[in-house]
Amino acid sequence: MFEDNLSYGEACKKLAKLYHVQYQGTKHTAKPTFKKRPLKAKEKEGEYYFKYKKKISDSALKIIGPLMTNEVAERFNLKSVEYFAYVKKEEVVETYATDDYPIFVFDFGDWQKIYQPKSADKSYRFRYAGGRPENFLFGLSDAKAGHTSLLNEEAKKDIDDTTRKSNIKLDQVVLCSGERDALNMASFGYYVVWKNSETAILTKQQYKTLKGLTEDLCNLPDIDFTGVKQAVNLGLQYLDIKTIWLPQYLLKSRDWRGNPKKDFKDFIDLKFNSERPGSFKTILKKLVENALPMKFWDEVPKYDAKGNYKGTEYSYNIVHGEHFLKHQGFYRLETPNEKDEYRYIHIDGNVVKKVTPNKIQYYVNSFLEDRQMNIPLRNMVKKTPYLNESYLSKLPYMDIDFVDCDRNTQYWFFTKYVAEITADTVKIHKKGTIDKMVWEEKVIDFPKELSQRKFEEAFNSPQFKIELDKGEEGDNHDIQILKKDSKFLNYLINVSRIHWRKDLEDSFKGKNPELEKDYFKKHQFDISAPNLNEDEIHEQKLHLINKIFTLGYMLHKYKDKSRAWLALGIDNKLSDIGESHGGSGKTFMYESVNQIMLNSFTIPGRKKEVVESEFIYGGVTKDTDNIFIDDVLPGYDYGRIYTDVSGPMRVNNKGVNAFTLTFPESPKMSATSNFTPRDYNHPSTKRRLVLTVHSDYYHLKKNNEYKQTRTIAHDFGGMQMFIDFTEQDYMDFYAFMAQCVSFFLSTNRKIDPPMNNVMKRNSMAIMGDLFREWAEVYFSPENGLLDAVISRNIAYVAYKDHGGKKGPKSFRDSVEAFCEFKEYIFDPIEEHIPRSSDGRIIKKIDGKTHECFYIKTRLEPINPKDFEEPNHPDYEGDTPY
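In my numbering, the protein residues as written are 11 to 891.
These are computed hints drawn from the structure, not numbers from a lab. Source: prediction; values computed, not measured. Please note that a few of the clues may not be correct.
[Claimed, not checked] Label-pair ranges, simulated between beta-carbon atoms: (1) Ser400 x Lys664: 27 to 35 Å; (2) Lys61 x Ser756: 51 to 59 Å; (3) Asn398 x Tyr138: 51 to 59 Å; (4) Asn418 x Met390: 48 to 56 Å; (5) Ser69 x Ser756: 42 to 50 Å; (6) Asp181 x Ser69: 30 to 38 Å.
[To be verified] Each computed DSS-like pair below joins lysine-lysine, with the alpha-carbon atoms no more than 30 Å apart: (7) Lys65 x Lys281; (8) Lys437 x Lys452; (9) Lys664 x Lys569; (10) Lys41 x Lys64; (11) Lys493 x Lys441; (12) Lys291 x Lys128; (13) Lys128 x Lys271; (14) Lys281 x Lys271; (15) Lys89 x Lys271; (16) Lys46 x Lys64; (17) Lys262 x Lys363; (18) Lys179 x Lys295; (19) Lys214 x Lys320; (20) Lys392 x Lys404; (21) Lys712 x Lys583; (22) Lys437 x Lys480; (23) Lys296 x Lys271; (24) Lys305 x Lys291; (25) Lys458 x Lys426; (26) Lys63 x Lys46; (27) Lys712 x Lys512; (28) Lys262 x Lys571; (29) Lys452 x Lys363; (30) Lys866 x Lys853; (31) Lys426 x Lys464; (32) Lys167 x Lys218.
C-beta atoms are modelled at their ideal positions from N, C-alpha and C, and glycine is treated no differently.
Produce the entire structure from the sequences given, and follow the hints as far as they go.
Structure, rendered in structure tokens:
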């Protein structure tokens, strides 16, 4: 502000322009100005013209770096332009620099590289004029000039000429990642070179040339994921190159774009103080001095007493060796919840493997053998004690973030690719190109032969299209099946065909069996088959949409407090309590996620001693992807696990200290059962569950209930899902499941299944078999107690005489459940029904006052004559509910 003689407001505006941020509601962006003019004679399309300034202004130099000068710029042919002109077909466009938007040019005579550091669009930051030399190394001529100058200085001294020429070299030459870092490094007194693009390679000839100029050829990379990977690859290509590693804490700071800081200029911005420039120079000097090569041994030439060369002596360099192992991915990982304090790991791209000290030793020896290194060196390494466990136990710890999801994204790891799934799309990344980590055992072993193009096409070819009801509470959803030959989707369609029997069997009674066979063949996987009416088709579609939603929920591992549910699969078929109908295929759906979430934990739901044990989660870790309770018995108290679904999870292992997984760390939970939770009607239970309801399309033939046995394999020519899948079948499956995740991420609503039979099953669970058998007779039309006043006490005594064990409160709840099951109205609210002050129905029967209830089955209003208001109520002996 004071340097530029600006007011506070003017200074804020200038900084807003400089860093492309908002000030007082306006985003100030530094931009060039443009002019257009007609072509002049001899100007040809594609040519560039430059008008240079005499020197670079101080403000423009500061954009490059705090110590940048015109003298440094001249060493690298860097100039500042007033404007540059580009000749188009019918006009010339002139781009003018401004005070806020300088334009630089590296001018090498017959070609130029235009550098616009303040361009908001990276694609316009660099531009070449007059061609782009292949593998050009910027700064090489300056380093050569520096070396020549050093030789000339030493030539003035009295030194043997041969020794002088071979031993006198520059202290360092630093290979930088780009123009800005290189110019800043040069401004601090170092010789620098840089390649003409991120993808350009350092050729063997360039390396040889640079090693002739300096003993210490150093590389100063960016420290983001890509920069580190490229630096390690370069270090392995040329083992003598030393890498200058910027401090890791740099990544914790953010630049003006909000991205983690990663390069040398970012480091200057963070640490340089113009009042104490020497302090930063000291820090930089230490970084350069501590640069490390990938070469993990030292070489010392041996001579005899007469000075004759007798070979090379090798010794293992412990610090260099640790540096090599670290950047080959070998670390220790703390394991606080296990018996051992740590384990050895190897990071390969995105994949983390568990290794032993022996495997680390084998890796190092194989590295030398594969490179055909000489036998004396390999002997030294095989014999060194510094690769024994006592020294390997000093390898650095690595704190690895294995989180593979966030609120809007889920990552899946395949052998060659990583799938990034969002609500809108599935992006495919090559292995090792994104900063996400996974355990080796969680990598999906797919594909084997499928090309990357087909892999990407499959993930971006939708198999279904869902349109949700625009109303918040509406369920007028619809689904269109786009891919007809996706086996898993077809299976899911059939377990959603609640009305399959009407569609495939009842519609053909008394007709030619061949018509039934032909229809089945044509509509074998049809969610909207023509034999069903609109309501039935709609109900089946809702069941399918609900299953797609639930699969997406389970496969999106991110935990959201507002969407924390136990996914529970139950049968649609109504059966007596305790009677199980297996073979419906619901467990297969819930286990299918294990093809993707490879570290799932299964609990046998039929083993009461397990599901009610304090060690129920023994073996679960923060790496567990999913907990599945298979085939839960009737009467199970789901309240035991609801807190684990919606809160932290206590894991108690036998023989090991218990520990707690936080809510975000703990896995999602799912279960299957032939029985609806007894308390399903309770709002807190509904809030904690997302149900899927499965048809009995797949079934076992028993007691002549079905015409045949039908399994999943029957629908697919005897093929067993997954076991007999082709690579294309697997591709269809993974692509379908990814679309399920995308669908789940695309909506904030919870999609439940149609609840008709679910509610009936819940009513059956409340009643129990004994009560239901009694009620079907006692409240039958023949007994005359429907649409009539019924004494609660007389009915209760009749139930007890039948052997009933329920108490008065449970008896009333069961009567209400019976009414819900039969779709009757229990105690309807009508003006003709006399009630006491506390709402009970009261009637005098045989001279005594009784509390009563009324079960209405007709649509007509209740007849007032059914009631008789008592003159003197007598409640003696009448226990209220």
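Check each numbered hint from earlier against the structure, then list the numbers of those it violates in ascending order.
-> none
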